[in-house]
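Grab the two chains, each in its own frame, and use the hints to assemble them into the complex.
Residue numbers (my numbering), protein chains in the order written: chain V, 1272 to 1586; chain G, 3 to 451.
There could be a bad hint or two in this list.
Claimed, not checked - Listed next, the stretches of chain V that the computed footprint assigns to chain G, with coverage defined by at least 3 CB atoms under 8 Å from CB atoms of chain G:
{"hint": "1", "stretch": "1281 to 1292"}
{"hint": "2", "stretch": "1399 to 1411"}
{"hint": "3", "stretch": "1453 to 1460"}
{"hint": "4", "stretch": "1475 to 1482"}
{"hint": "5", "stretch": "1515 to 1523"}
{"hint": "6", "stretch": "1559 to 1570"}
Derived from the structure by calculation, the hints contain no laboratory data. Just so you know, these numbers come straight off a predicted model, no measurement behind them. Cβ coordinates follow ideal geometry from the N, Cα and C atoms, glycine included.
Chain by chain, the residues run as shown.
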Amino acid sequence: MPVTVTEDWLNACAGCEISILNIGDPLLEILPQLEFVHMTALVDHKLHGQLGEKTEMDVPEAVVAIVTGGIRNAEQKHELEEIRKRSKILIALGSCAAYGGIPAHANMWKNEEVFDKVFRHCTSTDPASDPLDPNIPPWTPSCVALDEVVKVDITIPGCPPHPDWIVEALSALLSGGSSWSLPERSVCDTCPVIREQKSGGGGAVKRCFENLEFNPEEGLNKMRCINEQDVLCLGPVTLAGCAGKSGAPRCIQARTPCRGCFGPIRKGARPMVDMMGSLTSVGLDPKTVVDRRAIMNRYIGGHGFLTPLPARPAR
Amino acid sequence: MGNVINIQPVTRIEGHARVAIHLDDTGNVADARLHVQTLRGFEKFCEGRPAEEMPRIVCHICGICPWAHHLASSKAGDAVFGVTPPPAAVKLRRLMQNIAYVSDKILNFYFLAGPDFVIGPDADYSVRNVIGIVNAAPDIAKQVVHMRHLGARLLEGFAGRAIHPTFSLPGGVSKPMTETERQEMLPSARELLEFSKFTLQFAKENVFPKYMEAIKNIGVIKVGYLGTVSADGALDFYDGNLRMMQPDGSYEDFTYDQYLDYIGEHVESWSYQKFPYAKRWGQTLSLDVAKPDGVYRANTLARINVADKMATPMAQAELEEFRAAFGRPAHYTLLYHYARLIELLQCAEQTVELLEDPEITSREVRAKIAPRAGRGVGCVEAPRGTLIHDYETDGDGLITKVNMIVGSTHNNAAMNLSVKQAATTFIKDGKYDQGILNRVEMAIRAYDP
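One chain only, chain G, in its complex shape (with noise of 0.2 Å):
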């Protein structure tokens, strides 16, 4: 048995992991595993709790996208009272989901995984990071941060809570929009909007280029993708189709309630996240790399490979570039970065055709819900994937039930698979330094919101 490296924790990332490089009598690496270790079992501790209530309770599964967590528990709780919010509901519901998911982009490229391109993959730890950047770039960081507080106000200006939100119930939301309060968030919107074009252009420009070859090397693996899409075959992050693609690009579309028809969920005894898989393909999973089975990515590429097009103009423009450079699907890993950024478009650009339209200022905002034994299943695209919430409840509308698969769950497996593609390429015969171990965790950064 020879040595481990314990990369712990992994860094710059939302949650709780650390990795395991196993290396042989050699120094080549013999394993490698992404270890998640922390659980805190909603699934059990929502049963017996109202269903009006779960909006404001499974946000905190996640506090980088409650937003996320809020509308896949209002639309099942829509599913498990059996209404339908009025049209205005819902475009509040996806003006909400387009600004967080618009803060939350911009955080994740210049903050999160942003350092290992702007700074650099081998530079010293101590810089590569986001006082690096306010360092090496202040004009840009004064930028990101006036943003992101830009996208909070807006937030909480409107709904009350950025973080944690309670606006949206099953049959709608808990208050509608005033013409004033449509004119006031306009231009923030506008501004939101220039800065997700000149985020796009600045990295095709400045960042992507420079790392074509790590493109190209870090966390390579080809396997399936899983999405949303509208009815014409669009990017959605709020409504549609689930779509998923199997490793050569033929694919199926299928709709939430036949979710357990297509993914299935294996537990490994050395990590508390499940490993979900294409079910439907009829494999078991294989954690191989040279031969993976049953093993599909959600999240931005995921998203981007699955959908016919963007839902909006400036977005689908670079979705053409992107495809004509990459291909569909497109299966480098780090092309996640690209696509993230291609996704800030097409949430910018509706956040504002959102607010331009008159609609949004309607009254009606909620359908009104009787308690009743039901089952619902509601899902959204949360940043970092498809999100899955499965309730059901007796005829008091308690919870009796929960199953959920969240984003960054469905790509454990791939996350695997690229943390041992990326170990597996970079250490040699027992060399390795901080920048090599740094490439290993570029390969998570990648699947991050």
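One chain only, chain V, in its complex shape (with noise of 0.2 Å):
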């Protein structure tokens, strides 16, 4: 008998549908094996009737739902909760819905300062009053994260989460555990960089204007570590894992930093506060880093991180 799974994406940018698609040739042995009850992306079961006769939003009964995306709007805050009355384990997939995500950057504005930006000063929009139907779902007061709402089973997090571990959380499923969850190790300890624990320059953290220092034509084992070479680097504070079950993380493969995509190393971590002290420690200046507090919660802007700032003197 297959499992049935309700999947959704809510704030979401389908990016995390994508990876499960690129889950590649154990996609179609996992398929068979799931019975996809409500799934958006790829199958036209219709929340409010196949004949769209239903006035509310029918979510149906499965043992797994799989949600992609933050909470932003009325609409995705009623949907989240009806699916968990519904569903047995519920799974956050991406950062989005496990930290908020990117969208959660809105939290360092007030709500009617993003409409007001959007719909009466971008300079293409003839200016509009702010889009107010009945139609349309009015904004939560911010950008959430799952579990801010509803209680969540397994986080599967990363923007997006790497194919590996989609396939290894739903085969636990499949073969009847309850629980999943990646192991507590930070981006550096699965990095080959060369680290001498001291930066090679002095003081102030450089911005990307430049690429790094390292010879193409040799591994990352023969590369000294990006924070090291002066440039800001969230490995040290970042869970490991955004590469799969191996190799090295996906953005030093591309010889550029991270910037945290899979979220903090442990639930109540700090990470802007234990980046600084990394920083401090190969004695770079934590406060030279530009747009600190956006850039160091970049995914993670949901749970609080981010919020509006008080009104600052004009400069």
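See the structure below:
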């Protein structure tokens, strides 16, 4: 008997769904074991009846629910609550579902400031009042992670999450398990670069105005640590696993710094505080990091990490 | 007031939308609207971010077309900082874009829109999907999964990430390609080209002929078109002039920084998605199916219509065949699917061409940048249409202002017209069924990536 699954994207970009499709060959082995009772991305099941006749949302019962994206509006919140009621195991897939993700940057402003910009101050837009028609759902007070609204059973973080972990977590459930989590290791624990525990330059953190120093013919194990090249890399405070079960961290493979897409190493961590400590320990001045608050909380703006700043006196 | 049919959610598209079809007392369509239900606010929350970080922030706008946003943003950054990326950097950006688009177009044809044609528009919803395809055509499904995986491996193997990349930055790209990498990627690129050829042939022989009636009926509207052409008038996904075509086929070319003279965006209270319109034509937007004003379309069919020719030989031969059958501009909405496959061929041919060019391995891949106050408009053709990123920075190179018009937004007015056209055509005297409602959604799926 296949396991029933509800999958839906809420405040999401579809990258997590593409990651599911990027599972590759194992996908064809897993698919027959799953019965998608709802999946907006791929299956034509409707939440308001197949003939569009229902006035209330009707979420089907399922053993497993996979939800991507955070919560940004009243309808997403309602759907998440309905999904929770009607499924046994809820998986938060991806960093928007787990931490709020990139869209939680909006939490740095009041909602009315965002709407004012989008509908009245975009250069090509004919200024208009906010769309308030009852056919479109109003924003929630902020952009939040799923576990700020309902109980989440399993979190598969990442932006996007690696297919290896999606397969592993689903396989664990299919063989009767009810939990799964990534081991608590940092990106640095899986990164092969050379570390000397001190920065190469002095004091100030550099922006990405030029490429890192490395020989393209040589592996990452011959490249100096990015923080030690004086460029901010969030590896020390970020959960490992972005490259799946094997391989060096994805952004480092691209010879670019980590920006923390897998989120904090453990629940309750304070990545910004820890990162500032980490920079200090190699002799860099954390106060020189430009746009520090946003860059160090890039994927984790839910859970109160990003909030509107008190108004500052004009410069 | 009659009944409302609430198609929610619209499925097998990328995005969050519902369709409300309002019936009058006789059961005929009084109005039909596509309500786009989500708004994230990127244009606001990018303010204050360092401009060089933008390509790796805005790629998150779309998980299906992250490379398009990544590259448009990099180009806006090139302009903001006033630098020209070295030739090899441009070639590497184009290479990644083409590989990403090949994967994307294969996904759309077989797994998103495909079930409507391969399984059939009236099939039960429980089988009209990717799993239905896996059961009906297991060998093809296996190949599709393999090819998509191959594309993702090519992107990841070289650029670290297939989804939400970090490889391109203002000034160029983060790393050069080695000769070994080039040699290793070529056989996979050739495999993608073979499969692309197969796909177009398969569609022309087994899919499109069966649906000529549907093509002539579903979502048909007559409006203008927008796309990008290179200096010689060929379809170009990465760079060139923008070309805006009127419904009668006459057109004007303009540069990226002139876009505000050509395009305005209108807001309706019932959708978070704005309605771009052809401001240049001096018309205000009208969503009347019989006489639409100011409406143009972007995405595959639009590009095929505005381009004088394709950029590669096999794709050009296909375009000639297409034009002989449907003319220029071709207006049938479902032809987006046909046009998508001609583009697939160009992307696959260009992938091989770029990898066969030894200059792609040059070590010069990044111009050094320095913070300055500036403005830059960067555009590429995203799978869903022309993508416009317009940034302003302060003296520290921090973003002060962002304006973006993304691919799917260009088609908002057109999608609403097509939905209304399809609903009005198929729903009569209160009679409709699941197959009919699916045809309304097919009018939307045509505009997908």
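Against the structure, the hints come out as follows:
With 10 residues carrying a beta carbon less than 8 Å from a beta carbon of chain G, the stretch 1281 to 1292 of chain V meets the three-residue requirement, and the given coverage holds. Given a C-beta distance limit of less than 8 Å, the hint that chain G covers the stretch 1399 to 1411 of chain V holds, as 9 residues qualify and 3 suffice. Taking a C-beta to C-beta cut-off of 8 Å, the stretch 1453 to 1460 of chain V contributes 0 residues in contact with chain G, too few for the three needed, and the coverage statement is violated. Look at the stretch 1475 to 1482 of chain V against chain G: 5 of its residues bring a Cβ nearer than 8 Å to a Cβ of that chain, three or more, so the hint holds.
For a cut-off of 8 Å, the count of residues in the stretch 1515 to 1523 of chain V with a CB near a CB of chain G stands at 3, and the three-residue condition holds. Judged by the Cβ-Cβ criterion of 8 Å, the stretch 1559 to 1570 of chain V is covered by chain G as claimed, because 5 of its residues qualify and three suffice.
In terms of the numbered hints stated before, the structure departs from hint 3 and from no other.
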